[in-house]
Amino acid sequence: MTNMPTLTPIPPVPRIMPAQGLLLTRRGIEGVMVGSVTDDAGDAPLKETALRTRHERLGARMVPFAGWLMPVQYSGILDEHRAVRSAAGLFDLGHMGQVRVSGPDALAFLQYVTTNDVAKLEPGDAQYSLLPNEQGGVIDDVIVYRWPDEPGYFVVVNAANHDKDLAWLRRQRMDRNDLDVSVEDVSPELGMIAIQGPNAETIVATLTTTDLGAIGAFQWQRGEVAGIPVMIARTGYTGEDGFEFYAPQARTADLWDALLRAGLPFGLAPVGLGARDTLRLEARMPLYGNELADDISPLEAGLGWAVKLDKGPFIGRDRIAAIKDAGPLRRTVGFQLTERAGSARHGYPVQVNGRDVGVVTSGAHSPTLGSEIGLALIDSAAAGVDRPLNVIIRGRPVQARQVKLPFYRRARA
Amino acid sequence: MASPTDRRYTKTHEWVALDGDVATIGITDFAQSELGDITYLELPEVGDAIALNQAFGIVESVKAANDIFSPVDGEVIERNDDAIDAPEAINASPFDQAWLVRVRVGDPAQLDALMDAEAYDAFATSAAH
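Top to bottom, those sequences are chains A and B. Remember, this note's numbering sits 386 above the position in the first sequence when you count from 1. Remember, this note's numbering sits 14 above the position in the second sequence when you count from 1.
If you're looking for bench data, these hints aren't it; they were derived computationally from the structure. Among the clues, some could well be false.
[Stated by the list, open to error] Covered by chain B, according to a simulated footprint, are these stretches of chain A (three or more residues, beta-carbon under 8 angstroms): (1) 494-501; (2) 506-513.
[Said to hold, decoys possible] If we take Cβ atoms under 8 angstroms as the criterion, some of the chain B residues that face chain A in the derived model are: (3) Y54; (4) P58; (5) Q68; (6) E74; (7) K77; (8) A79; (9) L125; (10) D126; (11) M129; (12) D130.
Remember, it's a predicted structure, so these values are computed and weren't measured experimentally. Just so you know, even glycine gets a beta-carbon here, dropped at the ideal spot from N, CA and C.
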């Protein structure tokens, strides 16, 4: 156990953590600088969400993640994972970024910088989408929300890509000076909390007069929860029903406290980044830096459903269309290890008959299935449900079988 | 949790208890706590030789895979197959039920270089911060 003395629980995607050298301030409920806690990548202080002291009081293990100090686990990853599948889990997502896109040409601008068809969104609708680059790769995956009660849109981006996305969107806005649009980072004003799991709606219903049943999957509404003005979105990253709340930064801790208290009789547990990763993997939701990257096509990532080539011109469209016509050379497949050898992990090579065919993008012990699962980006010629693969674990080829995705799908009421 | 005083400890968070020339080896409570939920354990076969400061096994948690290092030179005479079948036992009982291997040691004096419980607990506390 050589690396134990310095072992920090590994956050889901340490490899893609960009250097956050420009972040000189941190916000937190105390609003103080804590210079001793720094990112792995350098000596810039880590940013904190409004909930740091809550996490510490709940016994969380805090780790650096994408420039933020975040809870990786509370009671334990397996416990937390099971709580979300069987009852409900509460997540601090204060590290995620939010961008307001407004102005008369907001729709035209978003159509140009994303892959999905924003014109399909009615007021109060949301959609999963991608920010493509000019080479047909992916800058980030995002959720685009159309405001229910005012013009314009709200785009939620990954913490690890926040700065990159903003710089990219601002550059595109300047390139498209024919469009009257504003791009505003509203992340500093907002906290973000998710409640996910079969009991999520029951718990939230005790704190609001909003008709939650009227908010369908991938919709949102303005409302009050525990007397706090929030946006209530039926979105998430776990494969369960549930909500994501956007709340004023100053009220986020109150919202967390109210939800945790209301959830107590319903098995609600706080959940860290560790279980967030295993939950999303079972539900086959991509993680930027693993399944998605600047040099991976959405088609290779299996996200062609979020790319609408016929919606009109957008960045990278022709490159993606060319890949579609030719057929992608690589595909993202799901697999399950069929012999016991530990976990397949990000970056492990994948072979067929001793020949390299690709790489594991995400892999983990699946708490729900009790088996070792993973996603791999492999040569299309090797892809196919039930076909064998070998994952190279510590130098040894370990047998795996390709399986249907997702690994887990919740039973719907 | 104070570590048991009847054994010695490594800086890589293994424990070793000597009975005659048989050493029982495991990982510490601090180690299991840092690793989190343990999902996989790989150990040598009975009859295999293991060497001082060399990796002899693998322990994986949901978070990470880690080598387990030997505090002695010796030959494996018994291994804990129950712990291989149910590695979560290491989380529950790292010092007792979830011992890993028993080894016949050539030189029991190799333990003299290791920490006692008090020194180890101080070491682990500082490693945690």
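Structure-based check of all given hints:
For a cut-off of 8 angstroms, the count of residues in the region 494-501 of chain A with a CB near a CB of chain B stands at 0, and the three-residue condition is violated. Coverage of the region 506-513 of chain A by chain B is violated in this model, with 0 residues showing a Cβ closer than 8 angstroms to a Cβ of that chain against a need of three. This hint holds: B:Y54 has a C-beta 4 angstroms from the nearest C-beta of chain A, less than the 8 angstroms allowed. A cut of 8 angstroms between beta carbons decides the hint on B:P58: the least distance to chain A is about 14 angstroms, and the hint is violated.
Checking B:Q68 against chain A: minimum C-beta separation of about 11 angstroms lies over 8 angstroms; hint violated. About 4 angstroms separates the beta-carbon of B:E74 from the nearest beta-carbon of chain A, less than 8 angstroms, and the hint is met. Against a cut-off of 8 angstroms between C-beta atoms, the interface hint on B:K77 holds, since the closest Cβ of chain A lies about 5 angstroms away. Interface hint status for B:A79: upheld, as the beta-carbon distance to the closest one in chain A is roughly 6 angstroms, under 8 angstroms.
Annotation: B:L125 was flagged as interfacial toward chain A, and the flag is violated, the nearest CB pair being 18 angstroms apart, outside 8 angstroms. Hint status for B:D126: violated, given a least beta-carbon distance of 21 angstroms to chain A, over 8 angstroms. Among the interface hints, the one on B:M129 is violated; its C-beta lies about 13 angstroms from the nearest C-beta in chain A, farther than the 8 angstroms criterion. Proximity of B:D130 to chain A is violated relative to the hint, the smallest CB-CB distance being about 18 angstroms (cut-off 8 angstroms).
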